[in-house]
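Asker: Okay, here's what each chain looks like letter by letter:
Number of protein chains: 2
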Amino acid sequence: MKADISKDDATPTLDDVARKAGVSTATVSRCLNNPDRVVEATRARVMEAVKALEYTPNFAARVMAAKRTFTIGAIIPTMDNAIFARGLQAFQEALHARGYTLLVSSSAYRPDVEEEQIRALVARGADGLLLIGHDRDAPIYEYLERQKVPALAAWSFMEDGQIPSIGFDNRAAMSALAKEVIRLGHRRIAMISGISQGNDRARERIEGLKDALRESALDVDDLEIIETTYEVENGAEAFTQLMSRDVPPTAVLCGNDVLAVGASLGAKRLGLRVPQDVSITGFDDIELARITSPALTTVHVPHREMGRKAADALIDMVEGKKKVVSAKLETSIKKRHSLGPCPGTNDDPDHP
Amino acid sequence: MKADISKDDATPTLDDVARKAGVSTATVSRCLNNPDRVVEATRARVMEAVKALEYTPNFAARVMAAKRTFTIGAIIPTMDNAIFARGLQAFQEALHARGYTLLVSSSAYRPDVEEEQIRALVARGADGLLLIGHDRDAPIYEYLERQKVPALAAWSFMEDGQIPSIGFDNRAAMSALAKEVIRLGHRRIAMISGISQGNDRARERIEGLKDALRESALDVDDLEIIETTYEVENGAEAFTQLMSRDVPPTAVLCGNDVLAVGASLGAKRLGLRVPQDVSITGFDDIELARITSPALTTVHVPHREMGRKAADALIDMVEGKKKVVSAKLETSIKKRHSLGPCPGTNDDPDHP
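Respectively, the protein sequence lines represent chains A and B. When you line the first sequence up against UniProt numbering, it's residues 1 to 352, in that order. When you line the second sequence up against UniProt numbering, it's residues 1 to 352, in that order.
Among the clues, some could well be false.
One copy or two, either will do: identical chains are not told apart, so a pair holds if it fits within one copy or between any two.
[Claimed, not checked] Computed list of lysine-lysine pairs in DSS-like fashion (alpha-carbon distance at most 27 Å, straight line): (1) Lys268 to Lys335; (2) Lys210 to Lys328; (3) Lys20 to Lys148; (4) Lys148 to Lys322.
These aren't lab readings, by the way, just hints derived from the structure by calculation.
Full structure from sequences and hints, please.
Answerer: Now the structure itself:
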């Protein structure tokens, strides 16, 4: 049936479904394309006929009838380490509740692969796309606009981005965490960041740390930042490098929890206690942060809320129901055990 | 262009691409559909024209011309906890190398959702499908056969399954691990398993443990198994339940690493040391197993090899190149620190 554009006698048609369900073809079409406009009993009868006849709503026919396929695409940078898993799960559940199926692609943080996947999902008839962050070339946005496929960015927030966003303020969130680190007496601070090129979340988090340093009149030029891909082993390696300096940092802020788990592993290998000898912080508050030992002090991101709201916003865009307004969600600092007072100082502000 | 079945003057056609690239329309078609049959320089010129004109190969037209879309679908039970991430990443890389794009769907371990996603991916024109395990109703396989969409199962191996598999022997792997547990003196053994209904991997792992008990003349009826969904907190809760028995187990074998991490967390909360007071084992050897403390003794699954081989096998099926033969990959026991000798016995076989 996949290749069935021309008529094939063996293939059930919309007419067959209508006859079996005892309704008009228009009703069948509505059931497939605007199920919310059909009473539940009718919809159930039609869907039963669809299933009994094994009617696969022909892509072309459905697109012609409804200009909709009830498929949403999401392109995430990676499926590894479950960085996006929780948010995506909530996104999918909310889509499902509104009758949409989610197809996911992972770009391995490569812009060329992301572009290819955007085109593939559009060609496969995706009604709308969820993208992560705002860093991409203008032609891609122009392409989506010409194809009339609405897109929404998540995991970062931009007031006047090319597409609306349901995200959070990566910069302010990292700044708040860094201020807490500084409050605990740390002055020699270093950062292990994700690759900032093409990744607005990583860049904003670096800027947030710099903001906090400046506010405390600390020298931003003294800040050492190692950029590496988000893998546990890379975090461990970067940490080892940082600790080999003549004057090693007393606190290492990491661009996400995966790098922080790696840094903790690096500390263990060097025989350093966290946080007594060195403090480590994460970002994202994925499950890893809670499981690792010591559990990570990190930025809590409202993954499920973000996924749910992104689904509702994107479907509203697809269905043209209302103007979608970007939303900036709240983050918070999740205090666990990997951040402590600066070693060698006798002034733990929490236990004076 | 998405809805462009009828001719639209603004939309670039195959002819436009052919003219711009200076080749015949047949060559353009071949470039899009059988790129390996076109010399690289020609292919590059055509793809440049495709890009310059923003020609989106029309789904219907391409299907009619080639009966192929260069899209592969994968339906995995969950994106959480990165259980399938590493294998899927390798699968995608191997697909990409052969010119195919991967679209992923996650069924939340629900057969009805999986069926819906299979139909959605077929309707979106997937050339082939990767499925996890073999547990599904016969009509789904018949549907795939009628639609002529090849499918391959991974993560489990079945000699004469309805579809070929690139997997491993879950039963033998768990049996080997359980034998090691028994060798270390454990007699009171319990298991925390995933939900076995509809999950052949979970069922086979339970059977593997039973095989090992029988081989050592231990009573299978004494074995307590708690089934729960693969979440860290559920593992912790099940572990707490097991330890509240009058005669608690000395070793808890878990259906996967996620449950084992949960069990370790449960042990920590109860003030029990792992493995001095109680041993815990995992299955899968995902990154979590290495990171958690103590690091998990677990079954190592060759995730990347499986993903790579599954991609090659599935594309061979799609392209009808050769008969695909199922492959059973080797697993091994990864010894780390969560399994030790049975407490209270003075006979550590490794340190007599």
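Asker: It remains to establish, for every hint, whether it holds in the given structure.
Answerer: Outcome of the hint check:
1. Lys268 to Lys335: So lysine 268 and lysine 335 pass the 27 Å test inside a copy (21 Å) and across (19 Å) alike.
2. Lys210 to Lys328: within (21 Å within a copy, 52 Å between copies)
3. Lys20 to Lys148: between (35 Å within a copy, 25 Å between copies)
4. Lys148 to Lys322: within (16 Å within a copy, 41 Å between copies)
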